[in-house]
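Enquirer: Next come the chains, spelled out residue by residue.
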Amino acid sequence: MMQFSRKLDIARGKIELSHGSGGRASAQLVNEIFYPAFANNLLSAGNDQAIFPSPAGRLAMSTDSFVVSPLFFPGGDIGALAVNGVINDLAMGGAQPLYLSASFIIEEGFSFAELRQIAENMGATARSAGVMIVTGDTKVVERGKADGVFITTAGVGVIQDGVNLSGDRARPGDSVILSGSLGDHGVAVMMARQNLGFDTHVESDCAALHELVAAMLATAGPSIRLMRDPTRGGLAATLNEIAQQSQVGFRLREADIPIKPDVTAVCELLGLDPLNVANEGKLIAIVDADVAPALLAQMRAHPLGRDAALIGTVVDDAHRFVEMETKFGGRRVVDWLSGEQLPRIC
Amino acid sequence: MKHIDDYRDGALARTLAERIAITIQPDRSYAFMEFCGGHTHAISRYGLEDLLPPAIRLIHGPGCPVCVLPVGRLAAAIDLAKTQSVTLCVYGDLMRVPTTRGYSLLSAKADGADIRMIYSPLDAVRMAEQNPTREVVFFAIGFETTAPATAQAILLAERKKLSNFSIICNHVLTPPAMDAIMASPGATPTTMLDGFIGPAHVATVTGLEPFEKITRRYAKPVVIAGFEPLDVLQAILMLIRQIHEGRAEIENQYLRAVSSSGNRLAQAAVAQVFNLRDSFEWRGLGVVADSALRLNERYAHFDAEQRYPIPIPHIKDHPACACSEILRGVKKPTDCRLFGTACTPETPVGSCMVSSEGACAAHWAYGRFRDKNYRPCAE
Chain A
6 MMQFSRKLDI ARGKIELSHG SGGRASAQLV NEIFYPAFAN NLLSAGNDQA
56 IFPSPAGRLA MSTDSFVVSP LFFPGGDIGA LAVNGVINDL AMGGAQPLYL
106 SASFIIEEGF SFAELRQIAE NMGATARSAG VMIVTGDTKV VERGKADGVF
156 ITTAGVGVIQ DGVNLSGDRA RPGDSVILSG SLGDHGVAVM MARQNLGFDT
206 HVESDCAALH ELVAAMLATA GPSIRLMRDP TRGGLAATLN EIAQQSQVGF
256 RLREADIPIK PDVTAVCELL GLDPLNVANE GKLIAIVDAD VAPALLAQMR
306 AHPLGRDAAL IGTVVDDAHR FVEMETKFGG RRVVDWLSGE QLPRIC
Chain B
145 MKHIDDYRDG ALARTLAERI AITIQPDRSY AFMEFCGGHT HAISRYGLED
195 LLPPAIRLIH GPGCPVCVLP VGRLAAAIDL AKTQSVTLCV YGDLMRVPTT
245 RGYSLLSAKA DGADIRMIYS PLDAVRMAEQ NPTREVVFFA IGFETTAPAT
295 AQAILLAERK KLSNFSIICN HVLTPPAMDA IMASPGATPT TMLDGFIGPA
345 HVATVTGLEP FEKITRRYAK PVVIAGFEPL DVLQAILMLI RQIHEGRAEI
395 ENQYLRAVSS SGNRLAQAAV AQVFNLRDSF EWRGLGVVAD SALRLNERYA
445 HFDAEQRYPI PIPHIKDHPA CACSEILRGV KKPTDCRLFG TACTPETPVG
495 SCMVSSEGAC AAHWAYGRFR DKNYRPCAE
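Protein chains in written order, with this note's numbering: chain A, 6 to 351; chain B, 145 to 523.
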């Protein structure tokens with residue numbers, strides 16, 4: 006690692022345009038904030054690219070950008086979100102995530118302390134998930150041209166032979182399994198905004214799902230048709246997407262969909278439908294009905310699937326409707342969200 | 145969630161629905177208008193129509209403030225934000241409402257206008273206080289329910305002697321709209337409607353008296369009902385019983401929130417700052433006399449319509465749009481040839497598709513599977 010005559014003043018210092026110039030200041034930022042936080046030799050080799058052996062099997066690749074406001078919220082921060090988000094995108098294809106990249110667009114004036122906090126959270130999240138952040142980039146834009154920091158991550162993972170998950174594989178008769186309660190992330194972020202004026206104890210569900218996925222594949226691999234993480238747009242958007250891709254419909258049972266009382270309460274007050282609210286640590290699995298009970302039991306044994314539930318079935322439907330039997334005994338469509346429900350939640 | 149779940153109990157709902165089914169007379173049908181968008185939303189979201197006998201028809205009334213707002217008033221506010229560089233504060237459900245050529249508050253925001261989504265008018269007052277060099281305009285909208293909050297904002301701005309705060313007042317009143325529906329020429333809702341499911345939150349403010357006049361004038365029962373699905377079912381049963389007993393009275397199902405005299409403090413705040421407008425245009429209903437509020441002379445200095453030269457254009461709805469008939473119960477959303485084709489929640493053409501509480505938007509979002517041959521779920 007390069008040594009600098011004076012260390013960055015993490016407690017009081019702020020990002021200046023020079024930190025994105027590619028000169029000595031940029032190098033110092035990377036050396037003193039990102040290398041220690043991400044802590045791996047592939048990164049700190051300091052090359053323009055990370056070089057690693059290719060594992061056996063098919064590779065999966067995904068990317069995602071994060072612009073959440075506020076940057077820190079109960080249950081997570083933009084850094085944890087950026088790492089887990091791309092891990093989950095890989096995991097939904099059945100991939101074991103291996104390597105990530107991370108690019109930062111930082112607003113002039115952003116504090117070193119917050120940047121280091123975010124980087125450390127990213128490093129810790131990656132280590133606990135068993136992945137490495139092996140390459141990255143930083144750019145600085147003038148004050149007012151960004152909102153603190155924006156992060157883009159990309160990831161590469163490997164898929165074992167025999168695993169074949171895809172959005173077009175849902176078949177009438179399949180079961181729909183949800184790994185836990187809906188709406189926690191969206192509501193936690195919304196509550197972290199200052200202007201709502203009421204208190205709740207909802208934390209973001211931000212989590213890496215690949216270990217849960219690996220356990221599910223080990224039990225029921227060939228009988229799992231597909232998995233999705235219902236992030237922006239919530240369960241409603243995800244199931245409508247699958248309905249289009251697989252040319253099927255869904256029949257859900259509202260009574261079986263787990264939603265925490267605090268989340269229900271906030272949604273009631275703000276007029277939101279929890280089925281449209283974002284999640285960052287939940288998955289939907291469409292599976293052969295025969296394996297659903299055993300798979301569900303196994304998911305419930307995993308900490309991230311404790312509240313897993315069988316919430317409905319795939320049906321033949323020329324209209325591709327996602328319909329729900331309400332708790333009340335009536336029926337309704339579960340539609341895509343029209344327009345924007347919340348500003349910037351991930 | 146105790147006080148919510150109690151009113152969404154499926155078993156109780158089935159019991160109530162059975163009671164309704166055995167109470168109705170076999171040789172007749174019943175047409176009830178739920179005035180409020182809140183009821184419309186609950187009916188669609190919980191699938192209440194599946195529980196009710198076919199002899200009961202629910203007609204979705206005009207009680208959605210975003211739906212009945214004339215597009216011209218919104219266009220004028222957008223114009224104000226763009227040309228006078230004011231900060232325009234609005235409730236979130238207005239953001240997507242299209243004006244001419246689909247231009248919305250979201251479009252104006254993207255073009256650089258300073259448009260803020262707020263949850264309370266007091267937030268707009270606070271914004272004015274914190275930014276003394278900015279002119280802050282609140283686009284006040286809603287029925288009797290939200291008018292008191294606007295009144296509080298005006299009184300607060302007055303106490304703080306703010307000179308950079310004003311409102312565009314679009315507050316409208318429920319009873320004159322019910323009058324307009326019952327008295328409308330052409331179709332004859334007077335004979336068609338058998339009663340009203342009366343507004344919940346409006347009545348918490350106004351009390352029962354304004355609706356008593358409606359029951360007397362048109363000899364139709366009104367039952368004030370809460371917004372939960374069990375409330376609506378119970379109100380329907382109460383309406384049926386009134387009809388069978390030959391009564392046309394105001395009854396209060398929403399006892400847990402509505403008192404017969406309403407909220408006197410709220411009424412006093414409204415009376416302190418507002419006057420009746422002689423007439424006001426309702427999208428879908430046309431011009432209705434004595435149906436809206438404006439700031440009175442004492443508080444006229446907070447009236448943005450006086451502070452700024454903002455001409456309010458009259459923007460006509462699409463000629464094929466059936467909203468005015470739908471709002472009066474003469475047509476159903478599916479009777480409109482624009483419904484689900486040119487007019488969807490993403491591209492609303494008429495007022496009933498604009499907000500999720502509008503009759504067409506609620507049917508599109510929650511109930512459109514009923515428009516085809518529905519096959520029940522194979523378990």
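Certain hints may be false.
As the list claims (entries may be wrong) - Straight line, CA to CA, 27 Å or less: simulated DSS-like cross-link-like pairs of lysine-lysine:
| hint | chain 1 | residue 1 | chain 2 | residue 2 |
| --- | --- | --- | --- | --- |
| 1 | B | K253 | B | K460 |
| 2 | A | K150 | A | K332 |
| 3 | B | K226 | B | K475 |
| 4 | A | K144 | A | K12 |
| 5 | B | K253 | A | K150 |
| 6 | A | K150 | B | K226 |
Hints were generated in silico from the structure; no laboratory data involved.
Enquirer: Of the numbered hints stated previously, which ones are contradicted by the structure, given in increasing order?
Expert: 2 and 3
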